[in-house]
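Peer 1: Letter by letter, the chains look like this.
There are 2 protein chains.
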Amino acid sequence: MDILTEVAKKAQEDSGVRIHRRNVERLLSAVQQEQDFWKIVDRADLTVPAASSIVKILIEKNLLFIDDKENILLTQAGRDLVEEEGIHIIQDHKCNACDGRGIPFYDDIELYRIFVQIAKDRPEPIQDYDQGAVTPETTISRVLFLDSRGDLRGKEIMVMGAEDDLTGLAVALTRKAKRVVILDIDERLIEFDKNVFKELGIDNAEAMVWDLRNPFPEEWIGAFDVFITDPPETIAAFKAFTGRGISLLKREGCAGYFGLTLRDSSLFRWHNFQKELVSNFGVVITDIVKDFNHYMNWQYHEKTKAAKIAPVKRSPRDIWYRSAWYRIETLPGFKRWNEPISDEVFYLDEEGSTT
Amino acid sequence: MDILTEVAKKAQEDSGVRIHRRNVERLLSAVQQEQDFWKIVDRADLTVPAASSIVKILIEKNLLFIDDKENILLTQAGRDLVEEEGIHIIQDHKCNACDGRGIPFYDDIELYRIFVQIAKDRPEPIQDYDQGAVTPETTISRVLFLDSRGDLRGKEIMVMGAEDDLTGLAVALTRKAKRVVILDIDERLIEFDKNVFKELGIDNAEAMVWDLRNPFPEEWIGAFDVFITDPPETIAAFKAFTGRGISLLKREGCAGYFGLTLRDSSLFRWHNFQKELVSNFGVVITDIVKDFNHYMNWQYHEKTKAAKIAPVKRSPRDIWYRSAWYRIETLPGFKRWNEPISDEVFYLDEEGSTT
Chain U
1 MDILTEVAKK
11 AQEDSGVRIH
21 RRNVERLLSA
31 VQQEQDFWKI
41 VDRADLTVPA
51 ASSIVKILIE
61 KNLLFIDDKE
71 NILLTQAGRD
81 LVEEEGIHII
91 QDHKCNACDG
101 RGIPFYDDIE
111 LYRIFVQIAK
121 DRPEPIQDYD
131 QGAVTPETTI
141 SRVLFLDSRG
151 DLRGKEIMVM
161 GAEDDLTGLA
171 VALTRKAKRV
181 VILDIDERLI
191 EFDKNVFKEL
201 GIDNAEAMVW
211 DLRNPFPEEW
221 IGAFDVFITD
231 PPETIAAFKA
241 FTGRGISLLK
251 REGCAGYFGL
261 TLRDSSLFRW
271 HNFQKELVSN
281 FGVVITDIVK
291 DFNHYMNWQY
301 HEKTKAAKIA
311 PVKRSPRDIW
321 YRSAWYRIET
331 LPGFKRWNEP
341 ISDEVFYLDE
351 EGSTT
Chain E
1 MDILTEVAKK
11 AQEDSGVRIH
21 RRNVERLLSA
31 VQQEQDFWKI
41 VDRADLTVPA
51 ASSIVKILIE
61 KNLLFIDDKE
71 NILLTQAGRD
81 LVEEEGIHII
91 QDHKCNACDG
101 RGIPFYDDIE
111 LYRIFVQIAK
121 DRPEPIQDYD
131 QGAVTPETTI
141 SRVLFLDSRG
151 DLRGKEIMVM
161 GAEDDLTGLA
171 VALTRKAKRV
181 VILDIDERLI
191 EFDKNVFKEL
201 GIDNAEAMVW
211 DLRNPFPEEW
221 IGAFDVFITD
231 PPETIAAFKA
241 FTGRGISLLK
251 REGCAGYFGL
261 TLRDSSLFRW
271 HNFQKELVSN
281 FGVVITDIVK
291 DFNHYMNWQY
301 HEKTKAAKIA
311 PVKRSPRDIW
321 YRSAWYRIET
331 LPGFKRWNEP
341 ISDEVFYLDE
351 EGSTT
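Chain order of the listed sequences is U and E.
Quick note on numbering: our numbering labels position 113 of the first sequence as 113, and the sequence is numbered without any gaps.
Quick note on numbering: our numbering labels position 16 of the second sequence as 16, and the sequence is numbered without any gaps.
So that you can see chain U by itself, here it is in the shape it has in the complex (with noise of 0.2 Å):
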């Protein structure tokens, strides 16, 4: 067995997460480039528990050392073997002008500044509620992609859950929609709404407490055209939470949004999120655009697991944690599902750590 077939095997016994040769390259690609180890495993897509366990093992190897201010180096052997094995860096070309979204939040500089504005009093972050929210930057640009695929102006349209992101709120403030209902189990952020509606006289609006475990009523069902939401990324909570959106839409040819990372799920885990989608529910995937969603550091990083499972004691200092934007589409046939939903699916699993 060559060395980093050895080391993905042993990683996987470790960490009891899936874990193959390409996924070590990857983290030697990344540690040409990043010292950091958060940076590393977003330049690696990994998620945490595997490129933690994954360096435990490089280090073990004498192939990867961490220095005295905690940066992660190879080693001569690890130069020598990345040399030998041909493992280059990653050149990332993304775009400078849309930070590689392939649309400009300051397409619309009047909503971000208002939004930008009005955001500043929001709550902070719990972990309670498995917060951290997305950039300002990142918000508006999920209003103009819902505007440039035609999910916004006239639609009526359900956003649930993760209003730490204030998603439900842009879309509103835009003013294009028919209708917009905003859920969340966080009373704060659903009061912080309410006042911004009450305020600037949005009256197509609703913020309400909702906990998302329980069925909607029947008169939701079907009545929306759009969803958004961001679901927990176990298997249970992903088909929970999409399966719920999609019970909302009225017809063929409506719209559901989400973000997935890989950070807290491995391409193992979507490739079962994608079958759910495709085979059970009958919906088709029309958009996965990489790394459109950025998160801000959230305060509670020190208490999460991945802080504990991490190689290195020092916190992320930049973004590091982004997921791709995902849009599917209803097509005849579609399966709509509003079961209860156990406790027990949130929200940490073997792979999840942020939460």
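Bear in mind the hints are in silico, worked out from the structure with no lab data behind them.
One or more of the hints may lead you astray.
Because identical chains share one entry, a pair is satisfied inside a single copy or across any pair of copies.
[Stated by the list, open to error] Simulated pairs of lysine-lysine, BS3-like, Cα-Cα distance not exceeding 25 Å: (1) K275 to K250; (2) K9 to K250; (3) K178 to K94; (4) K10 to K250; (5) K120 to K198; (6) K176 to K94; (7) K176 to K120; (8) K61 to K308; (9) K335 to K9; (10) K250 to K335; (11) K275 to K335; (12) K39 to K9; (13) K94 to K39; (14) K176 to K194; (15) K56 to K9.
Using the hints provided, position chain E relative to the given structure of chain U.
Peer 2: Frame of chain U; chain E shown alone:
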């Protein structure tokens, strides 16, 4: 039955392709912004047969008319309907810097310049082989996309067909891959590539005439890191092209790239393709970038089925044919497929019209 559902039903009967109410709505969004049939098709995200038959029925119902310059316009009744139904425009917020791709072609302006100089002598596209090249900006963006995903440097890359786009040539021009193999059925293109490689002393790239209906030789199976193709969009051909591409890949964590349009296949078809990829071949979809590939108008347009079934005689005046860029990645247990393909799978079926 409301009028939009009625139009969808009638259009489906007339054309033999699947059409639902939202397709009609989307076309009515598009005609509020574009008058040219080909631009309307593009903006409505429809196949030519679907768009043609919807337009014809909307004309019968006195909701659209065609003026003496062959512009397609709403009648007063049409205007009343879109008002009443709340059918709005689709405002595109695409990034001007990267044309919405997320990766700007000029991030390697040297490569772009050399490519354009060389490509000026490329052979003309011919209908026999379903040719119609992408713009040089598209080709270079593809190469930079590969580089951004770690699929270029030090990799063994197979480019399967569609070398009228000169994608294989552009990959080879970077001199960053370990090995490039280019297959095409058109001898003119293969000779063209070969001459360039000889002139520039590029010795890690080969080009050879190959009919992709034939299985690959044993020594290619599992010998590549990356494949790129542009499959004809019938289900059988898609399965054969991507299956054969996947058969080339060395192990889990390897990548495949291809374009899929909504001009010659619908989202219904995409749904079938996605099922095939995820459930049958055991790969995961990592990226779907809408409208990444821009095709130049091909000279044989007037001889296509598209031209014959269109409600206007006017040829396209601008880019209207675009496709999404897919990236897939292999997972443990992925399935290789390398059977012969019969002639019948090429090229036209009920949704296709431009070949």
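Peer 1: Against each hint, give a clear statement of whether it holds in the structure.
Peer 2: Structure-based check of each hint:
no. : hint         : in the structure
1   : K275 to K250 : both (23 Å within a copy, 24 Å between copies)
2   : K9 to K250   : between (47 Å within a copy, 18 Å between copies)
3   : K178 to K94  : between (35 Å within a copy, 23 Å between copies)
4   : K10 to K250  : between (49 Å within a copy, 21 Å between copies)
5   : K120 to K198 : within (18 Å within a copy, 61 Å between copies)
6   : K176 to K94  : between (30 Å within a copy, 19 Å between copies)
7   : K176 to K120 : within (23 Å within a copy, 46 Å between copies)
8   : K61 to K308  : within (22 Å within a copy, 66 Å between copies)
9   : K335 to K9   : between (39 Å within a copy, 22 Å between copies)
10  : K250 to K335 : within (12 Å within a copy, 37 Å between copies)
11  : K275 to K335 : both (14 Å within a copy, 16 Å between copies)
12  : K39 to K9    : within (24 Å within a copy, 52 Å between copies)
13  : K94 to K39   : within (16 Å within a copy, 28 Å between copies)
14  : K176 to K194 : within (18 Å within a copy, 55 Å between copies)
15  : K56 to K9    : within (13 Å within a copy, 61 Å between copies)
Hint check: no violations occur; every hint is consistent with the structure.
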